[in-house]
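Colleague: The chain contents come next:
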Amino acid sequence: MAKVTLNQITKSFDEVPVVRNISLEVADGEFFSLLGPSGCGKTTILRMIAGFTSPSSGKVFFDDKDVTNIPVDQRNTGMVFQNYALFPHLTVFENVAFGLRTRKFSSSEILERVTNSLILVGLGGLEQRPVPQLSGGQQQRVALARAIVIEPDLLLLDEPLSNLDAKLRIETRDQIRELQSQLGITTIYVTHDQEEALAVSDRITVMEKGECCQIDRPDVIYRVPANRFVAKFMGNMNVLTGQTKSKKGNVFFQLANGLNIPLPETTKVLKNPVYLALHPHIIKLSQIEGKDDVEGVVTARQFKGASIEFSIDVNGLSFQVVKNTEESILSIQPGETVWLHIPGDQAIILKS
Amino acid sequence: MNRIKYIMSLRNSFHQGRIIILVPVGFILIGYIIYPGVLVLWESLFRDGVFGLGNYSEFFNIEHPSYIEGLLNSILVSVGSVLISALIGVPLGIIFTHYNFPGRALFSKLAMLPIALPPLVGVLAFLYLYSESGMVPRLIQEFLGLDHVPFSLDGVWAVLLVHGYTMYVFFYLFTAAALKNIDPAINEAAQNLGASSWYRFRKITFPLLIPAFVGATLLVFMTSMNSFSAPFIFGGGVRFLSLNIYTSKLNGDMAMAVTQTVILSTLSIGFLFLMRFLEGRRHYTMGTKGISVFRNEIQGRWRRLSLGATGIVMVVVLLLPHLTILLLSFVQDGTWTYQVFPTIFTGDNYSRLFQDPQVWEPIRNSLSMALISTGADVLIGVGVAYVVVKGTFRGRKILDALVMVPWALPGTVVAINLIVAFSQGTPFSFGQVLVGSFWLLPIAYFIRHLPIVFRASSAAFRQIDSSLEEAARNLGAGWFYSFRRITLPLIGPGVLAGTLLAFVTALGEFVASILLYVYDNRPIAIEILSHLRQFNIGSAAAYGVLLLLLVSVVLIASNYISRDTAQRSLS
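First to last, the sequence lines map onto chains A and B.
Residues 1 to 352, numbered by our numbering, are exactly what the first sequence covers, in order.
Residues 1001 to 1571, numbered by our numbering, are exactly what the second sequence covers, in order.
Honestly, the hints are just simulated from the structure, not real lab data.
Keep in mind that the hints are not guaranteed to be accurate.
In silico SDA-like links for lysine to any residue, alpha-carbon gap of 20 Å or less [as the list claims (entries may be wrong)]: (1) B:1203 with A:111; (2) A:104 with B:1200; (3) B:1203 with A:107; (4) B:1203 with A:13.
Away from chain A, derived, C-beta distances all over 10 Å, residues of chain B [to be verified]: (5) 1099; (6) 1149; (7) 1208; (8) 1218; (9) 1320; (10) 1340; (11) 1393; (12) 1545.
Where is the CB? At the ideal position from N, CA and C, for every residue including glycine.
Bound conformation, chain A alone (with noise of 0.2 Å):
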C-alpha cells in the first residue's frame, strides 16, 4: 500500500497544456476520486500515475519514492480501463493470470490466487471461458480481478463503470467501494459522474480546464463549493452576479435585476462584484405571497418522480428550484405565477 503524491505536475501535448500546475496527496488507504467533465485533465493525471505518460514538469512519488521515470511495468499498480481491455485470445483465467504470469508465480500459486480473486468479485466458476463471451458486466469484473490479484500498491480506475447500464453502475460501484475497504487499498477514481464520486470516494478533486479547483471530502464539496464551476458542476445551483451592500445595519446582496436577497449580518461586505450560489432544494416555493417573497413565472417544468424540477423566471433571471413531489406542488403548471423565498442565510457567497 501507498501514499501517492504529486508535485507540481504540468502536462502540455503539442504546446497545449491539459494538466496545469497540479499538487495533491492521496494518502495510504484511500479512496481519492478525479472529478471533471471530459476534456479537464483527469484521465491524463490517472495515465501519469500509472507511468504511460511522463509530465512535462514534476514529479510523482509513491510513498516517499520519486517514480517519476521508472517504466510502468515497473510501478506496480494494477489499472482497470474503461473499455476493460481484455485480452481478446484469453480465457477468463489467463487473463487474470497475466500480470501473476509477468512476476514469475509458482502455477500453484497463481492458481490459488486467481480462483480467490474470482471468487472476490463474484466470478467463481468462470475460469475457462472466452472473455468475449461474457456479459458487460462480467468484462468489466474480470478488469477488476486482473487489477487486484497482483496486489497493486495502487488500484487505478478510469470511468470503470461508463459502459455499464444505469443500475448495474450502482451495483458495481458499491461493490468495487467495498472491496477497496476490505483491501485497504489506495484507489484512485476517475469520473465524470459527480453523484457517482460522492457516493464512493473519502476524497474529491474537481477539476476543470487541467486546472484543480477543490480537494476536499465529498459534503464539504456538496455544501460548500469553491467557486461557480464547482457549484454548477456539483450541486446544480443557481449561482448569480451581484455585489453585497449593507444599508441600516442590513446586509444584502443586490442583483442587476434590482433585486435585493438579505444575508445574515455577519456577512462581510466587499467591494467587487460577487456570485451568490443557492442550492435548488433550499428555496421555497408557493402558490401564495409571503414575507420576503419574490415573484415569478414558471417557465418550465420537468416531473421526476420523486421531485419537481421547476425552471422560474424572476425579473429576466432564471432560477432552479427543486421540490418534493407532495399535493401542493403538483399543481404548479408552466405560465403560472409563483412565490419564491430565497432563504440568503444557506447562500454561499463565491469570489470567483
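Using the hints provided, position chain B relative to the given structure of chain A.
Modeller: Okay, now just chain B, sitting in the frame of chain A:
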C-alpha cells in the same frame, strides 16, 4: 413442416422480386462454373477410352516423374513464396502501423505499388532488370570490371523473387489491418501488469496477429500455386503444375491436361474452404469503441535519418520495375543489343499505339472483351450479392460459396474447363461450339472476375441497414422503387469500385488468354508476349505502360470512392 417453410420462403422471395434474379443466376452459374468443372472431372476418368483412374496413376507414376515433379515444385515454391512474403510484409506492416517518422504516410502507400503491376508486365520488368542480360547484374559487372555477371535470376529463384515482390503486399495489408484492430489499451493493460515489451509482443500482439498470418499464408500459398506468368517466363527447364497443364494441352495430351486441372482445382478449392473456415472461427472482436492507433514517434537524429534512408532505398526497389517498363517503352525496337542500358529512344512506340491499326487492334479487342465481361459481372455479381445478403431462403450460403469458387480457381483451370465444356454445342451455349470463337475469352474473363464484383457488392449491401429499406417500404415505396431510390444510390460507390477493378484486371488478363485466344480476339497481354518473342522490347513495354496507367487510375479512383462513402455513412 420445414418443407412448408421452405416453400413459403421461396414464395416470399418471389414476392420480393428475388426469383427474377435467381433463375438467370442459377442458369449461368451451373452452365459456366459447375458443368465445365464436372465435365473435366468426368473426362479425367478416361484413359484411352477406358474408364478408371489410369490418368491419375500416370500422374503419380514415379517412373515418369515429370508430372509429380511439377506438383512438388509448385508446392515447394509456394512454401518459399510464403516465407519470403512474410519476411518482407510483416515487418513493414508493423513499422508503418506502430512508428511515426517523416514520410510514413507516403511510404505506407508506396508499399502497395506491386499491386499496380499486371502479372505479365511485372514479370517482364524483372526479366530486363535481374536476368542474365538484365540491367542490374550487367551494371554491377561493368562497374567492377568482372568477366561474368555477378548474379542472374533464373529458374526457381527468379520465380521466388517475383512472387515475393508481388505477394508480400498480402502480408503487409493483413498485418497492418490486424494491428489497427488491436485496442491500444490492451497493450497498456499488459504494460501496467508488468510485461516488458518483448513479453507483450510474444503474449499479446503476436497471438492476436495469428489469424491475419494464417489468412495471408493461405492467400499467398494459393496465389503462388496458381501462378503462371512467372514460371512461364522464368521457369526454364523447371516444371510447375500450372505450366504442365499448359504444355500438356499444347502437346495435345488433353487427358493429362484435364487430370492435372482436376488436381490443381482440388487443391485450390480446398484452400478456399480452409480459408473460409478459419475466417469464421477466429474472431477476437470485442465491442470496443473508438479505437485510435497510437504511433510511437521515432526519436533521435540518427535513427530518423537511417529510417529515412531505408525508406528511400525501399521505394527505389519497389519502383524499379515500374520505372523499367517506362524506360523500355521509349526504346526503339531492335536497337538494344549488347549495351548495358538502351541508347536509342523514341516516342514512336506510343504514337503507333493509336495510329497503326495493327497495333491498335489488340487494345480494341481487350477493351471490348473487358466491357462485355465486366457488364455481365455487374449484372450477375450485384444480383447474387443482393439475394445472398438480403435474402432469407435456404441455400444462399451455397450460392455465396459457389460464386467465390472462381476466385480460387487458377486461370489455367478456368481455361481448360471452358475448352472441355464448349468444344461441342451445349444448352448453355444455345447449341453453339464456342472453342475457336470470339466468345470463349470474354466468358473466361467474366468467370474469373465475377468474385471481384460480387465481393464489392455484397460488402456494400451489408453496410446498408435493412431498416433503411424498411423505412422506404413503410413510407409506401414499392420493392423496385425502394431499390432504385434507396439501395442503388447507397451501394453505387462500392459496386463501381469493384466494377472498375474487374475491368482493368480483364484488360491485362494473360493466364486464361494464352490458352483461349484466337487471332481475331488476341488481347493486349498476348500481343506483349509476341512482341517480346520478336525482341520488340519497346512495343511490348508501351502496351505495358498503358495497362499500368489504367490500373493506377482505377486504384486511385476507387480509393477516393471508398473514402467518400466512409464520410457519408451515418454510424
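Colleague: It remains to establish, for every hint, whether it holds in the given structure.
Modeller: Quick rundown of the hints versus the structure:
no., hint, in the structure
1, B:1203 with A:111, "holds (19 Å)"
2, A:104 with B:1200, "holds (15 Å)"
3, B:1203 with A:107, "holds (17 Å)"
4, B:1203 with A:13, "violated (31 Å)"
5, 1099, "holds (18 Å)"
6, 1149, "holds (49 Å)"
7, 1208, "violated (6 Å)"
8, 1218, "holds (20 Å)"
9, 1320, "holds (38 Å)"
10, 1340, "holds (51 Å)"
11, 1393, "holds (30 Å)"
12, 1545, "holds (44 Å)"
The earlier numbered hints that this structure contradicts are 4 and 7.
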